[in-house]
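*Asks:* Listed below, chain by chain, are the residues.
Number of protein chains: 2
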Amino acid sequence: MEKVKRNERVIAMLKILSNAPNKSFTLNYFSDLFGAAKSTISEDIDIVREVLEKYALGALETVTGAAGGVMYLARTDAADNYAFLTRVCSKMQDAARILPGGFLYVTDILNDPTVTARMGEILAAWYYEARADFVLTVETMGIPVALMTARSLGVPLIIARRDARMTDGSVVTINYLSGSSHTMQRMSLPKRSVREGQRALIVDDFLKGGGTAVGLRDLMKEFNAQVVGTAFVMEAATSKAKLIDDYRSLMVLEDVNEAGKTVSISPSKLFGKRA
Amino acid sequence: MEKVKRNERVIAMLKILSNAPNKSFTLNYFSDLFGAAKSTISEDIDIVREVLEKYALGALETVTGAAGGVMYLARTDAADNYAFLTRVCSKMQDAARILPGGFLYVTDILNDPTVTARMGEILAAWYYEARADFVLTVETMGIPVALMTARSLGVPLIIARRDARMTDGSVVTINYLSGSSHTMQRMSLPKRSVREGQRALIVDDFLKGGGTAVGLRDLMKEFNAQVVGTAFVMEAATSKAKLIDDYRSLMVLEDVNEAGKTVSISPSKLFGKRA
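Protein chains in written order, with the numbering used here: chain A, 1 to 275; chain B, 1 to 275.
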């Protein structure tokens, strides 16, 4: 077998690993691919790991033992995350985004693949240890961030629908009360989409009253699945208590002042670096 | 400035470039980042390019001139693409996926981030030259693939909704006839989401009669935007003519035989390697 040089090995290795985040590759895999000794592959891994850390571009984690190997994790730098979310907040604070009724137009930001990929990395890093089997969201606004989170976690995405379709097959449907508007809502999941005992990470775009989150948790109960985490892109800082209190969010929307044309939003306290 | 070694440069460069597909970075950017001469950076680029090509992991394109630079493109190998789609088809051919009415359960596959990321790369590679300003889809099933296509193209995703929400602001709504069921459908886009003269790439999950695709094209006319491509994950091979004929698809669904419990689906002829 032709010998492969270190430059070549580290480049191909990084691309293969980062194409499949949170998935373990054995040293044998790379050893065979490059025709190199396992000790050489170990050195390659150390080099890639150090460079990713130095430039805050992610992390390589080595798992030892029989099922051992190496995997790419999207653990980005805390200061970098804070700076990124501050930029997103400042974009959202544009007065032109204020809609009648005090709503905020953020659809473009929540659909931006660059923004959602980065948000997905941050959310995934929070929940690597929760060992979710899938990410659960409800259509439509939260889908892009939930998909990118699932991508960084290396797990499937499952989308609850407001109205079941023929292509869903048999479904489980629940009714729930919206926490903020107190209207009855409905959502459905295909029966075959979740298996008993699986672990769900709930990811949605916006937490106001918490009704939808409770609905998603109730839906998981119907499947005897376990919710191992609940996360939102934004939460509204309202005076009223929310229906859930065990969750995380990337940003806190303090206020949309329609008359004064101001929006107050900042990275969540979890980033611990408020100015 | 501390000198940075080649290993380190090629690793960081690849990660930075592949984090932002189809986006040009100047040689000066890397020259400053690594404290290296532009000629050295050029050599680094050549090394990364050769390795990506050798292992079919993507491509680096160099743009010369004043606005010059280097960018990562997800051009994957033709034989690899064909093999990937063949695997997807064989998964879809599982008789357990057949639903009453001859529908096929593929939701799990269309929501799988690994599968959709790869599909997005293939679709993006088809349309790099079309210079789309955004990818357009309609909720819900096509969103994951459309988002991943937008990610590989480095452009935003825009999602038409069946029902407009308060958070959409002013919207443009059109009515259209579903090509297959001849029922009236409706979809909306926020007025501020598209600007006159922009270039749209339509990406959706399934082409049957073509009514939705015509609807999306009509919607773009309302914005005086130009449709530069139309692509689907799957098209149904029906005897009836479709309402559109200028499109591409990844796979062709020939038949779902409910009684015989067989599904016939294969990669589209565009991959040119049918067995």
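Warning: the hint list may mix true and false statements.
Since the list gives no way to pick one copy over another, a pair counts as held whenever it fits inside one copy or between any two copies.
[Claimed, not checked] Restricting the straight-line Cα-Cα distance to at most 30 Å, the calculated cross-link-like pairs of lysine-lysine (DSS-like) are:
hint: 1; residue 1: K269; residue 2: K91
hint: 2; residue 1: K191; residue 2: K15
hint: 3; residue 1: K240; residue 2: K208
hint: 4; residue 1: K208; residue 2: K54
hint: 5; residue 1: K23; residue 2: K54
hint: 6; residue 1: K261; residue 2: K15
hint: 7; residue 1: K38; residue 2: K191
hint: 8; residue 1: K191; residue 2: K261
hint: 9; residue 1: K221; residue 2: K54
hint: 10; residue 1: K191; residue 2: K208
None of these hints come from the bench; they were simulated from the model. Quantities reported herein were computed from a predicted structural model and do not represent experimental measurements.
*Asks:* All the hints need checking, so say for each whether the structure fits it.
*Replies:* Results for each hint:
1. K269 / K91: Within. Shortest intra-copy distance 19 Å satisfies the 30 Å Cα cut-off; inter-copy 44 Å does not.
2. K191 / K15: neither (36 Å within a copy, 39 Å between copies)
3. K240 / K208: Within. Shortest intra-copy distance 10 Å satisfies the 30 Å Cα cut-off; inter-copy 48 Å does not.
4. K208 / K54: neither (38 Å within a copy, 50 Å between copies)
5. K23 / K54: both (22 Å within a copy, 23 Å between copies)
6. K261 / K15: neither (46 Å within a copy, 40 Å between copies)
7. K38 / K191: neither (45 Å within a copy, 57 Å between copies)
8. K191 / K261: between (46 Å within a copy, 20 Å between copies)
9. K221 / K54: The answer is neither: 43 Å in one copy and 48 Å across copies each exceed 30 Å.
10. K191 / K208: Both: 28 Å inside a copy, 25 Å across copies.
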